[in-house]
Amino acid sequence: MPSIFLCSQIEIIIKIIRKSISMKYIITKTSKIRDSKLRITDPPLNIVSTIIKKYFHGRCLDIGCGTGRHLLLMPQNSVGLDADDKFFYLIKKRNKQHNLIKHDLNEFSYPFKKNQFDTILCSHVIEHLYSPYKTLMEIKRILKPRGILIVAIPNPKCLYSDVYSKEWINELHINVWDHYSFQKFLTIHDFKVLKRYCNHPFSSGFSAFAFNLPIIRNYMNDLWFICENRK
2 MPSIFLCSQI EIIIKIIRKS ISMKYIITKT SKIRDSKLRI TDPPLNIVST
52 IIKKYFHGRC LDIGCGTGRH LLLMPQNSVG LDADDKFFYL IKKRNKQHNL
102 IKHDLNEFSY PFKKNQFDTI LCSHVIEHLY SPYKTLMEIK RILKPRGILI
152 VAIPNPKCLY SDVYSKEWIN ELHINVWDHY SFQKFLTIHD FKVLKRYCNH
202 PFSSGFSAFA FNLPIIRNYM NDLWFICENR K
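Take 2 as the starting number for the sequence shown in my numbering and just add one per residue.
To be clear, the hints were calculated from the coordinates, so they are not data collected in a lab.
Wrong hints could be hidden among the right ones.
To be verified - Straight-line C-alpha distance at most 25 Å; calculated DSS-like pairs for lysine-lysine:
| no. | residue 1 | residue 2 |
| --- | --- | --- |
| 1 | K54 | K145 |
| 2 | K193 | K232 |
| 3 | K54 | K94 |
| 4 | K196 | K54 |
| 5 | K97 | K54 |
| 6 | K196 | K232 |
| 7 | K97 | K114 |
| 8 | K114 | K135 |
| 9 | K196 | K135 |
| 10 | K196 | K141 |
| 11 | K232 | K55 |
| 12 | K55 | K193 |
| 13 | K232 | K185 |
| 14 | K185 | K135 |
| 15 | K141 | K232 |
| 16 | K114 | K193 |
| 17 | K54 | K232 |
| 18 | K54 | K103 |
| 19 | K196 | K55 |
| 20 | K55 | K97 |
| 21 | K196 | K145 |
| 22 | K114 | K103 |
| 23 | K158 | K185 |
Whenever a hint applies, use it, and build me the whole structure from the sequences.
Right, dumping it as structure tokens:
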């Protein structure tokens, strides 16, 4: 009973925070974040540099690698796959050992044989694609048995979801899941969810711990799932 009461109180507090946050401030901040993604010097997300990078082992694939900010944390000879190659030459300047492949992520199959990768990262990509089901099946094909899939999606239940819901259409976010529905989506496709995380605003280990407490994590702006391929 005390835990139910606490959760209800937190829900009320969150609703108050949502109403009190300046909408103009959020729009300005999210615009700056969006613009920053176009810079090749962007650091990796805090959650990746503090926690997620420990899952990068063996041969890795970054689907939708963009500026390469997470690809550059992966082992040598990892692969970056993206529909747009405009950042490829800049990634190569920073690390010549990675392989970069241009491919439309809505076109199947991807240019790899079966069971090619130990770890696959798909960060804020799947919500933009026309067929999440086909994407997940393709990932399953090229990921080794018991390999690790790391997938991140926006959280529609985040504190400022009212702003995000308007932006999602303009940003071509075709698909939307909360943490329950996406975990079910992964499970029915035979991926075992090992851990769930969210990004956090500071680069310290304490920030990683505090913001990933379940009661806080579920209201942050993105959701990260660490999954095992159970095929």
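Going through the hints against the structure:
1. Straight-line distance between C-alpha atoms of K54 and K145 comes to about 19 Å, which keeps the hinted pair within the 25 Å bound.
2. About 10 Å separates the Cα atoms of K193 and K232, which keeps this hinted pair within 25 Å; it holds.
3. Between K54 and K94 the CA atoms are separated by roughly 21 Å; this keeps the pair inside 25 Å, and the hint holds.
4. Proposed proximity of K196 and K54 is supported: the alpha carbons are some 14 Å apart, at most 25 Å.
5. Note on K97 and K54: the hinted pairing holds, with a Cα-Cα distance of about 20 Å set against a maximum of 25 Å.
6. Pair hint K196 plus K232 holds up; C-alpha atoms about 19 Å apart against a cutoff of 25 Å.
7. Note on K97 and K114: the hinted pairing holds, with a Cα-Cα distance of about 23 Å set against a maximum of 25 Å.
8. For the hint linking K114 to K135, the alpha-carbon distance of about 16 Å falls within 25 Å, and the restraint holds.
9. A C-alpha spacing of about 23 Å is found between K196 and K135, which places the hinted pair at or below 25 Å, so the restraint holds.
10. At most 25 Å may separate the alpha-carbon atoms for a hinted pair to count; K196 and K141 meet this at roughly 18 Å.
11. For the hint linking K232 to K55, the alpha-carbon distance of about 23 Å falls within 25 Å, and the restraint holds.
12. Pair hint K55 plus K193 holds up; C-alpha atoms about 18 Å apart against a cutoff of 25 Å.
13. Restraint check: the Cα-Cα separation between K232 and K185 comes to about 17 Å, which is no more than 25 Å; the hinted pair holds.
14. Distance hint between K185 and K135 is fulfilled; the C-alpha atoms sit about 16 Å from each other, no more than 25 Å.
15. Of the pairs offered as hints, the one joining K141 and K232 holds, with about 8 Å between alpha carbons and a cut-off of 25 Å not exceeded.
16. A C-alpha spacing of about 23 Å is found between K114 and K193, which places the hinted pair at or below 25 Å, so the restraint holds.
17. Only pairs whose Cα atoms come within 25 Å are accepted, and K54 paired with K232 is accepted, the gap being roughly 24 Å.
18. For the hint pairing K54 with K103, the CA-to-CA distance comes to about 24 Å; that is within 25 Å, so the pair holds.
19. This hinted pair checks out: K196 and K55 have alpha carbons roughly 13 Å apart, not beyond 25 Å.
20. Restraint check for K55 and K97: the C-alpha separation of about 22 Å stays at or below 25 Å, so the hint holds.
21. Distance restraint check for K196 and K145: the Cα-Cα separation of roughly 19 Å lies within the 25 Å cut-off, and the hinted pair is therefore satisfied.
22. A threshold of 25 Å between alpha carbons decides the hint, and for K114 with K103 the separation of about 16 Å falls inside it, so the pair holds.
23. Our distance criterion of 25 Å between C-alpha atoms is met by K158 and K185, whose separation comes to about 17 Å.
Against the hints set out earlier in the document, no violation occurs for any number.
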